[in-house]
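Spelled out from the first residue to the last, the chains are:
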Amino acid sequence: MQDTTAFLAADPAGNIFEVADLDVYYDKFQALKKVTIDIPANEVTAFIGPSGCGKSTLLRCFNRMNDLIEGCRIDGTIRMEGTDIYDRQTDVVKLRTEVGMVFQAPNPFPMSIFDNVAYGLRCQGIRDMKILRRVVEESLKKAALWEEAKDHLHRNALKLSGGQQQRLCIARAIALEPKVILMDEPTSALDPIATAHIEDLIEDLKKQYTIIIVTHSMSQAARISDKTAFFLLGDLVEVGETSEVFHVPRDTRTEDYISGKFG
Amino acid sequence: MAVRIEFQRELQDLHEQIIRMGAAVEQAIGLAVEALINLDTELAQQVIDGDDVIDEMERSIDRKCVRLIALQQPVARDLRDVTANLKLITDLERIADHATDICQAVKTIVKTHYEITIPHDVVVLADMTRRIIRAALDSYVNRNKEQATETIRMDKNIDKLYKQLKRYFVHQIEIDREHVATLIDLLLIAKHFERAGDHAQNVAEWVIYFIEGRHAIYEEEEAAHAKKANRDR
Chain A
12 MQDTTAFLAA
22 DPAGNIFEVA
32 DLDVYYDKFQ
42 ALKKVTIDIP
52 ANEVTAFIGP
62 SGCGKSTLLR
72 CFNRMNDLIE
82 GCRIDGTIRM
92 EGTDIYDRQT
102 DVVKLRTEVG
112 MVFQAPNPFP
122 MSIFDNVAYG
132 LRCQGIRDMK
142 ILRRVVEESL
152 KKAALWEEAK
162 DHLHRNALKL
172 SGGQQQRLCI
182 ARAIALEPKV
192 ILMDEPTSAL
202 DPIATAHIED
212 LIEDLKKQYT
222 IIIVTHSMSQ
232 AARISDKTAF
242 FLLGDLVEVG
252 ETSEVFHVPR
262 DTRTEDYISG
272 KFG
Chain B
485 MAVRIEFQRE
495 LQDLHEQIIR
505 MGAAVEQAIG
515 LAVEALINLD
525 TELAQQVIDG
535 DDVIDEMERS
545 IDRKCVRLIA
555 LQQPVARDLR
565 DVTANLKLIT
575 DLERIADHAT
585 DICQAVKTIV
595 KTHYEITIPH
605 DVVVLADMTR
615 RIIRAALDSY
625 VNRNKEQATE
635 TIRMDKNIDK
645 LYKQLKRYFV
655 HQIEIDREHV
665 ATLIDLLLIA
675 KHFERAGDHA
685 QNVAEWVIYF
695 IEGRHAIYEE
705 EEAAHAKKAN
715 RDR
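In the order they appear, the protein sequences are chains A and B. According to this note's numbering, the stretch in the first sequence is residues 12 to 274, in order. According to this note's numbering, the stretch in the second sequence is residues 485 to 717, in order.
Just so you know, the hints here were simulated from the structure itself, not pulled from any lab data. Beta carbons are placed, not taken as given, at the ideal position from N, Cα and C, and that holds for glycine. There may be inaccurate statements among the hints.
If you want the ones that stay clear, here's a sample from chain A, every Cβ over 10 Å from chain B, calculated [claimed, not checked]: (1) Glu29; (2) Asn53; (3) Ser62; (4) Arg133; (5) Thr206; (6) His227; (7) Glu266.
Taking beta-carbon pairs under 8 Å as the criterion, some of the chain B residues facing chain A (in silico) [to be verified]: (8) Arg488; (9) Glu490; (10) Val559; (11) Ala560; (12) Arg561; (13) Leu563; (14) Gly697; (15) His699; (16) Ala700.
Make the full structure from the sequences, and use the hints.
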């Protein structure tokens, strides 16, 4: 039987993250101001806004990547399934396993396709080749790369095309069975066909994972996300159903930005 | 910094094209009313001949809207603007078609050499239709929700008068078997005015959709449904 404490702690509305009154500072510069936002589980949430608006800062808060930045200070709370991830007792390594990240430029390690996907598992001490092979295959399948890669698993990952490399990075994140995948402009370095592959993949992945994506492409946010949040100068201006935000935005600043009237 | 200046200029150009089309449609209905009252077949033919021009205006605007969607990928207000325009030009074109149909009927009536006086209430209906079209176009030009709402209200009176006229013509057909064809033509003319009024109402609804992102008629229907469901409970 499921543990009642864990069950009751989970948000009844199905939010995986609940951010409340979040302020983020880089030394004296305030990058985010009193941001309150819920991130629903198993949906795609897009963060949009002009450069410097704070969207990537917030993204990096979800797996505490900002801890690595000197001078970064955080007030407010971020709860993941009811637990404060900035609590002193939080196991950050475990957090980053549960909250994977895919970056703007594909960054495969200079090793084989197989070793790239197995890397995280090996770091966790898993050496059993049977397990590794199974997880690598499953992860590559989920990342829609298996058919293209299955006959070349021991080829250097750097030989893959940009789009394939990005799918490999997604497979590498998936291998650790995360709950959330953070994506920071994952297609900005890719051509339209590779972009379409990643977008199709995101649609598939959300059945199993929560995806938060930062994108500069308004059309991409409109195409792939369920919820859209618009940030401006550190403020969360508006968050809502993507179909509403792109059809009838509530705030004129959102309207002007998505219509390309400034930015 | 203001950007997408070219897109905004193209949207402005689109509005001007629609206003010109609206003016042509308003004129067609106006001339159709005049042709009816004076049983003027020459004027009627002028309206019929002018319909091609309005059809071409619609096609040109249609092409422009599709091009703007394809190339500029508008969102939010701009998207509502382009889609509302794309829809309302169909209504404008249909109003012009009704003007043409009215003029065809006028020609048929005159051809029968029947000494006829157009019933007063048909003239009243014609005038109400002319006014609702003007009101719909004004609401479009001014992007004015109150004017659009008033336009929708005006259509209810047109529908009411048409229903009365229909009863009148059915009765006349029963008692005046000699002029059944002409009476049917007159009933059809009334129906064309009533339908033109419906299209004017649609234009006003598209104006409200553009302003608010919601369809006035749907919300009205939803409210009516909710009211009914409450009553039935």
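To see whether the hints hold, each was checked on the structure:
1. Glu29: Consistent with the label, A:Glu29 stays out of reach of chain B, its closest Cβ about 28 Å off (over 10 Å).
2. Asn53: holds, 26 Å
3. Ser62: At roughly 14 Å from the nearest Cβ of chain B, A:Ser62 sits farther out than 10 Å, so the non-interface label holds.
4. Arg133: Nearest chain B Cβ is 45 Å from A:Arg133, so the label holds.
5. Thr206: holds, 15 Å
6. His227: A:His227 clear of chain B: closest Cβ-Cβ about 14 Å, beyond 10 Å.
7. Glu266: Check fails; 5 Å does not lie beyond 10 Å.
8. Arg488: holds, 5 Å
9. Glu490: Where the cut-off is 8 Å and the nearest Cβ of chain A is about 11 Å from B:Glu490, the hint is violated.
10. Val559: Result: holds, 5 Å to nearest chain A Cβ.
11. Ala560: holds, 5 Å
12. Arg561: Check passed: Cβ of B:Arg561 comes within 6 Å of chain A, closer than 8 Å.
13. Leu563: holds, 7 Å
14. Gly697: Since chain A brings a Cβ to about 3 Å from B:Gly697, closer than 8 Å, the hint holds.
15. His699: Result: violated, 12 Å to nearest chain A Cβ.
16. Ala700: With a closest approach of 14 Å, the B:Ala700 hint is violated.
In the structure shown, a violation is registered for the earlier hints numbered 7, 9, 15 and 16, in ascending order.
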